[in-house]
Amino acid sequence: MDDGRQAKWWSRPATGRPGRDEPESRGGGEGDAPSVRPDSPAPTGGAAPADGPAPLVGQEPQELAPTRPAGPPLHEPDVYSTPPYGGPGPWAPAPPVQRPTPAHGTPVPPQAVPPQAVPLPPQPSPVTPQATPVPSSSSQWLQYDPWGAPGQPLTQVGPPAGTEPGSRKNRRGGAFAGMLLLALVASGIGGGVGAYVERTGGLTTVELPQASHDNGDRAPESVAGIAASALPSVVTLHVSGTAESGTGTGFVLDARGHILTNNHVVAPAGSSGDITVTFSSGETAAAELVGKDSGYDLAVVRVKGVSGLKPLPLGNSDNVRVGDPVVAIGAPFDLSNTVTSGIISAKQRPITAGGEKGDGSDISYVDALQTDAPINPGNSGGPLVDTQAHVIGINSAIRAADSGKGTERGGQSGSIGLGFAIPINQGKRVAEELINTGKATHPVIGVTLDMKFTGDGAKVGEKGPEDGPAVTKGGPAAKAGIRSGDVITEVQGQRVHSGEELIVKIRAHRPGDRLELRLTRGGEERSVTLTLGSASGT
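Residue 467 in numbering that gives the first Met the number 0 sits at position 468 of the sequence shown, with consecutive numbering throughout.
None of these hints come from the bench; they were simulated from the model. Heads up, some of the hints might be wrong.
Unchecked claim - Straight line, CA to CA, 35 Å or less: simulated DSBU-like cross-link-like pairs of lysine-lysine:
1. Lys309 with Lys346
2. Lys427 with Lys356
3. Lys438 with Lys472
4. Lys438 with Lys451
Generate the whole structure from the sequences, applying the supplied hints.
As structure tokens, this is what we get:
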């Protein structure tokens, strides 16, 4: 029995005290310390701890943090958490301990190293303490001791936390080393991937930026707009005869199927050859010859049984000015629907082409429009159109760079920017005559020219065909007073330098037109006026 004179550790386990009338403590085991009832007087045998004043009854005890020497704990943890009021009272068993539960999210500090207590001399006890098993709960809150020593809010199973001094430092060092190694590996992989992406442009399929689709509309006066309007009316001709074949171009004149082209395009067919027309849509149809004229190098063919034809509007070649933009459409080297563009380089350019027969019957004389739009073999007979997609000329000849002999019909060499087209005003008149009569008429003045004259102008010859007179009796020239040996120098105010140029200027008009001519006779200049006659073409 405690004599009250010796100080005791408040957390020391105590046994029941026999000899009194109070009931014996429950369990009798270690840590089964009864509590003092609120309505009972304080026990006389208990003493306050030596390191602080004794707390009052009913007052919340204050935790103290005494400095204790290092060493093993004096006793096992008190599972009943006896309050620090000295030894357990003998009057009543301790009530069950209320274990507070921290608020959700409240961190719980780790178990601190228990203080080392000074060992006390053993006290006799009538009851042998039994070891109370430590609760093996997975929850740390079931081991929470709110009245434990400072820094020891939890009781954990196994070695007390911190007994291995270098464990946390080692763990931190290992984690740091792992993170450093991971960073190095990641940086290496990232560098490799970056280099690959830089060389190849990416890890996935490359998609380049591109403009969106438009509706395809173009300004009507642009080359694209002109081509879109004119192409449906342009055709490609394939001609084959007994001895030769060829390819050329033509365009639709009316809904009846008449197509205008060059004479030298259809010439290989002869009188029994085949002519096939291919439209821009790809449809084909057989065609027949309506009429042709070698002097103008024009011909008309017709297709039958074809509907939905779109005639190409005809313009006025007299309105054309040098420098006007133009578009040429054709099938150069059988490449159908080919479009080239350029300008009008010159007007009233007198050219002659043909002459392969040797007798002059196949020579054409054209007061041509000159253009730099590329024209090649296969473009012959195709339209030369203005910015309104109206035909102003029929492409017929080019100046070949390797010939050096003059203009060639159809041209057997590449374009050098010297192309020639028959003015549509002349083409319209000839086409109408070919459709209506099958033949074309030529305007004439009724003279025979000396084609060997080398002076300036066109000289009237001394003799005509079959030794007849050079000036046809009763013809336009005879009526105007022109004589053999006269040199004609101007037609309608335009200078004439050769016999070919005089023929070109005459054929640029219609039969019946009145012309004013200037000539020289015996060194004197004269002016005459005449009305053009007519002759049938071939």
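Hints and how they fare:
Simply put, Lys309 and Lys346 have alpha-carbon atoms about 29 Å apart, close enough for the 35 Å limit, and the pair holds. For a cut-off of 35 Å, the pair hint linking Lys427 to Lys356 stands: about 27 Å separates their Cα positions. Proximity of Lys438 to Lys472 is assessed by CA-CA distance (about 25 Å); at most 35 Å being required, the pair is judged to hold. Annotation: proposed proximity of Lys438 to Lys451 holds, straight-line Cα distance about 30 Å (limit 35 Å).
Going down the numbered hints, you'll see the structure goes against none, and every one checks out.
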